[in-house]
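Undergrad: What follows is the residue order along each chain.
Protein chains: 4
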Amino acid sequence: MIPRYSRPEMADIWSPETKFRIWFEIEAHACTALAKLGVIPEEAAKNIWDKGSKAKFDVARIDEIEREVKHDVIAFLTHLAEFIGEDSRFVHQGMTSSDVLDTCLSVQLTRAADLLLADMDALLAALKKRAIEHKDTVTIGRSHGIHAEPTTFGLKLAQAYAEFERGRMRLEQARADIATCAISGAVGTFANIDPSVEEHVAMEMGLVPEPVSTQVIPRDRHAQFFATLGVIASSVERLATEVRHLQRTEVLEVEEFFSEGQKGSSAMPHKRNPILTENLTGLARLVRGMALPAMENVALWHERDISHSSVERMIGPDATVTLDFALVRLTGVMDKLLVYPENMQANMDKLGGLMHSQRVLLALTQKGVSREDSYRLVQRNAMPVWRGEGVFLDLLKADEDVVLSDAELEDLFDLGYHTKHVDTIFKRVFG
Amino acid sequence: MIPRYSRPEMADIWSPETKFRIWFEIEAHACTALAKLGVIPEEAAKNIWDKGSKAKFDVARIDEIEREVKHDVIAFLTHLAEFIGEDSRFVHQGMTSSDVLDTCLSVQLTRAADLLLADMDALLAALKKRAIEHKDTVTIGRSHGIHAEPTTFGLKLAQAYAEFERGRMRLEQARADIATCAISGAVGTFANIDPSVEEHVAMEMGLVPEPVSTQVIPRDRHAQFFATLGVIASSVERLATEVRHLQRTEVLEVEEFFSEGQKGSSAMPHKRNPILTENLTGLARLVRGMALPAMENVALWHERDISHSSVERMIGPDATVTLDFALVRLTGVMDKLLVYPENMQANMDKLGGLMHSQRVLLALTQKGVSREDSYRLVQRNAMPVWRGEGVFLDLLKADEDVVLSDAELEDLFDLGYHTKHVDTIFKRVFG
Amino acid sequence: MIPRYSRPEMADIWSPETKFRIWFEIEAHACTALAKLGVIPEEAAKNIWDKGSKAKFDVARIDEIEREVKHDVIAFLTHLAEFIGEDSRFVHQGMTSSDVLDTCLSVQLTRAADLLLADMDALLAALKKRAIEHKDTVTIGRSHGIHAEPTTFGLKLAQAYAEFERGRMRLEQARADIATCAISGAVGTFANIDPSVEEHVAMEMGLVPEPVSTQVIPRDRHAQFFATLGVIASSVERLATEVRHLQRTEVLEVEEFFSEGQKGSSAMPHKRNPILTENLTGLARLVRGMALPAMENVALWHERDISHSSVERMIGPDATVTLDFALVRLTGVMDKLLVYPENMQANMDKLGGLMHSQRVLLALTQKGVSREDSYRLVQRNAMPVWRGEGVFLDLLKADEDVVLSDAELEDLFDLGYHTKHVDTIFKRVFG
Amino acid sequence: MIPRYSRPEMADIWSPETKFRIWFEIEAHACTALAKLGVIPEEAAKNIWDKGSKAKFDVARIDEIEREVKHDVIAFLTHLAEFIGEDSRFVHQGMTSSDVLDTCLSVQLTRAADLLLADMDALLAALKKRAIEHKDTVTIGRSHGIHAEPTTFGLKLAQAYAEFERGRMRLEQARADIATCAISGAVGTFANIDPSVEEHVAMEMGLVPEPVSTQVIPRDRHAQFFATLGVIASSVERLATEVRHLQRTEVLEVEEFFSEGQKGSSAMPHKRNPILTENLTGLARLVRGMALPAMENVALWHERDISHSSVERMIGPDATVTLDFALVRLTGVMDKLLVYPENMQANMDKLGGLMHSQRVLLALTQKGVSREDSYRLVQRNAMPVWRGEGVFLDLLKADEDVVLSDAELEDLFDLGYHTKHVDTIFKRVFG
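Protein chains in written order, with full-length UniProt numbering: chain A, 1 to 431; chain B, 1 to 431; chain C, 1 to 431; chain D, 1 to 431.
Since the hints were derived computationally from the structure, they do not count as laboratory data.
Just so you know, these numbers come straight off a predicted model, no measurement behind them.
Worth double-checking, as some hints may not be accurate.
Identical copies look the same in the list; a pair holds intra-copy or inter-copy alike.
The list that follows gives simulated cross-link-like pairs (lysine-lysine, PhoX-like), each with its CA atoms no further than 20 Å apart [unchecked claim]:
| no. | residue 1 | residue 2 |
| --- | --- | --- |
| 1 | K70 | K336 |
| 2 | K271 | K336 |
| 3 | K129 | K427 |
| 4 | K46 | K56 |
| 5 | K70 | K271 |
Take these sequences, add in the hints, and give me the full structure.
TA: Rendered as structure tokens:
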């Protein structure tokens, strides 16, 4: 977790304070359920809740105890006892450490997922706003980096919107995947604890019971979660790459926002670098790379080995914090993106109307000219334009073999031809 | 695609013959829609269907044409014209190659997904059968490779069942993700073709229209698909690893099936190697590794670049063929797995009942013995057992400080304590 | 292995025919060594060489036998016996299958490495030629896609040259890493075969003996090999990406070669797509993605498990064939790359000399103007240029607060300032 | 960087304090070279060294400045000026931020590499010591997890030694790969700074000049570095996996060290979990996973984009810190590993001598018995042993068709047969 690429809201989820608070809640909810079963006294459960809720857990103190007992959960329970006193012996009855650790991870991941979902909502809102704003801003569509046919800048953004909406839906599914609770004992048999405890804790913590755990919650759930983050990060990279392309000196159709003050940072007024979107490209690589270790974590040995733990200690915070930061940064970039429709038009004009050559070709064939002749006619008027020697429309009008009236030709050069279905597409995307 | 790890059903989906047949269907359905719109004659559309349906496409001939025209779709259309004649000029009107290529890929991937779903159904059936068969086959649960508490072999299989059921659900979602059709032209604006054509082709090919395409169907869909295959492959690895562990000489609780004939292959009767599950472990690495290139494919430049194409030519067939083979192989392994309950019992017995030490400890504290004293009592009887000097239960009975009657002690050693919730868990998993 | 992205030279290395030929050579060399040790008759060894050398192994026949005996090496030996007769019983004495398989893989990988090294030599030659050709072709250097300071196109190529030279050196090291031979028996102890046999076979096959094998050659060697291919592939991507950028419509400083005929493929003369370099970008993703499964192959269980085998059956051919194809394709692209110095100049001119603003600023401060004032002076002349209202040099000359003579100003706009060390750098790179 | 998996020696390399100190040294060495060239006054260079060397850089203060100026290097230079005064204007003359940042990264990575090399030396020493100690400790070799033929525990360790020695050599090469210095300006042309400055700084910082940089040092160097760490991490995983296997309850041939006190942590004396080596397995996944983002970093756009930066801010520290921790932990595990030769013997004995069946078979054929008959004879004596009904040697002696004397048979059961070349192998490995 790099502070530079972290937002406090997400980082807090992974703080020791938050973790210990969740641990307490899991233990305390378990006590409530155990008291209901008559395994521990009702009074004890109450007392545990009362005192624990008010307790201020001291991370340094817990670390100190852990150094001694070499066990994180025991260290916490020892510290907890310092607040609760006698009744602390009723805490953690019949449970194993993994019950607490794995359920806590589920809580942290679901909270992280909720933040990410909110991030995506904000991003979707920004994309929608800008898409509608630029629904009719005509710009050249490019395949292979080469001018193809006109599209609109709004359509580009609508595409991004639809992509992140898919990402959001996948994230919801991935969130459901890791929202389970396991309080099932050393090998998942509930030998020492009744399944109803798991059900109660799950409900209270906003989770569902893991249908069958071993000692741990199965890691295919987490693998799917992190893989999904990797795909979303790749969509971040896609939009970031689009901005980077459009901001390059020769294109300059958009720019990341810069304040007046910022502009002054260099003597070169053109040196406005798309550093935010470049940064997003790098962050995408990081998040995506974490999918593989998560998948390798699935094949734990028998009822569990602890190899997944170190992986999750790193990628749990790193993947969620990094993607959260990236989504928020991307939202800011898109929300404030400077868009230059005149430059879009100028770039389109650079090819002197050549992008309409296909339509002219088609129109000629429909007039009865053979495909070969049509091709030859178009080409002999296109080549000079390409060499910078004339305007395509003018040359065509002047070519008497081109059996199309000036009005017909002008019609073929109408950009409206290319944008006539924009509303249809917008309706598909935004409803 | 390695023939050794391919099943013909899946390989066929990726054959040139299948591909050209799908291309034809996309083109022909588009003709039907275009005819309905009056863009091309009804008769032509009919003729295209009639002649094309009966045509036997000649892959070598298409390759030959492609070498000349350097374009795969044009090569195909040229060959198609050899069957259809004059009316062939109505084929592909207003379409771009990507319309055909991307929609074809969607058809291939959905068919591949359907095969994989069927594979998973067969695997789930095998797992369920064996799980029920071994619901009460007690075996030791292991954490860290070390004996922990008893569980049942059926529970191990129920866990695998639940995991693959999750995988199946994710695969269904991933299938939906790549089941879209794009017939939207050079930059996705429908400039040269009406959106209703896309709708018609989508419906006929079992797809839904891509709400907003560029020149291509966005690749976040494919990334999610291949990532999901990677997670399922990791689950394959998990179960394969379990079998490999259980088959090792010192454990020998299960074995991959071997026929009488096979046994004869070596003079060493013990040399039955878990080569199928080892193989599955390797295949999982392959499928998982393909998720990354798929994610890198997302950030195409502007309305498309063609960098994704080579990646998909390889991982499209390789990931689906390999996972299909792996799932079928795993199903065979699990279906015919030789299970040795006596060895499971013998392994459990090796530790002379030490796995019950926790219960004895608990029982002592419940009798009012302090936690420290209980611990000391248990330990002094456990250590000789660990050194191979005695049976735990006997030693405890003989220790007069252990304030538990023989009956009570025997009760604590009852395996039923550990299996009492197996039915509950089975109900959760199998309903 | 996709035929479309395969060259026969490399594909042949991985053909069954080649494999069986190598197997024969390993077996026959082992026989020679065994005969020298007196383990088998000299005559037999001679006979095996004689008959085996002339034998035409029948792949279909071997496959047929394998289907029966379920063992590839035994199938081969059975077929070999059909040529050799009686003496075939002396073949494979004291050896295990892995001795043959692993040593064969080493031979295949070293041959593949040799082809790749030759590919890199050809690429380096092309890069050097074009670098020297364009040593002084001035072009704008870009950071963040934004114009920065001038450089030369030759320098760009010199950078690529140096990068691939490093790649070549790493590949040589990686080749050495996988050039070992193991003939050491079931667990690597030479229990049934003398170490001198390994030494002999190694020498004859162009390998060195593996100092300590288990049943197999350790897979860290292969992991390093495939990781190195991944890094080289990433360098391919870098240069390919540069070409793609420079070919985009608005930049057009270079183009992939197109023949006159090819140009005719479209009515749009500008629609020359950098499809070769886009393809190379995709191929790089594939090769790079294979590094991970290769690393996962390292941790085989105990003296060996066979999980690595399926991975290598796929990535052995795929990584080498794909990288071979990519390097040759890249060599062709660079060798024939169309370079447009006028466009490079025109792009540089687009900013009206603003790239020299830093030098002007520095010169003013050296004239005693304060840094703040210098900055203000430069900026007030730069802003109109940026808005397209004037030429930077002219404005500066006309600004009387700019205390630099016309000659001094012209000197500051001299491109030679930026290229004065090009020779130094070329000397560093090309010697 | 997870504190739990960090050693201070390595973490310090990545602290802000260390970074700023290196930045200062780079700037100050550049001043020395610039003074020698007469670009800045000798006195100024001296003063910069004097005051800067004694300065205590205040990280919080630099952060505060950075928040204002939004540029890390400028923030540092501003803070530096607070110590140096007037002469600070001579610092950073003609340099760009990347000159400082990239050269600093080279210094950090080489220092990290030096620590890792020292780690590997310690690991190699531990492995050598234990290998020699157990050179003749006979244990069963296993392929596929199944008993194969005897080997020695020393040989297992010799294999690990040879593997890490290779890793060490590769790391040295990787260290050389990232040990370059670039002080070459905005696009690498040395327009504003003489190449001799680079040479001086390189020499003083223990680096070599980068032959040709753009704005940055090319990232193929770093990709190779991180890929090499990934391969070494995979070797860590291999040895860790071996320990995990050997420690499992049914095998118990080795155990991770546990102190007397530690043993007391549970009532179950057998519950000694190989948690250190399990942890190492997870750490290997993490380090390996970082190779991919590093490879994706290679293809920066044109003369540089900043996408690599965020990746390196994370994997620079994370990969080196994690591998350092892993190597030191592994060294501790191997150094203190508890080895149980009696259990090794007992495990070998479990199969009642069946591992010698191949030798018996061979001996029979050498006595003139046909291969088929030999096979039948061996098998009929092996099967009862496998069923637990007798000892192989006894049965063979009693079988009168087995035409081998008791002495001959006993000889065939001699373990010395399998260990006769151990010295040869040790000589190969340890010299």
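Undergrad: All the hints need checking, so say for each whether the structure fits it.
TA: Right, here's what the structure says about each hint:
| no. | hint | verdict |
| --- | --- | --- |
| 1 | K70 / K336 | between (51 Å within a copy, 19 Å between copies) |
| 2 | K271 / K336 | within (18 Å within a copy, 33 Å between copies) |
| 3 | K129 / K427 | within (14 Å within a copy, 49 Å between copies) |
| 4 | K46 / K56 | within (18 Å within a copy, 54 Å between copies) |
| 5 | K70 / K271 | between (55 Å within a copy, 15 Å between copies) |
In summary, the structure agrees with every hint in the numbered list given earlier.
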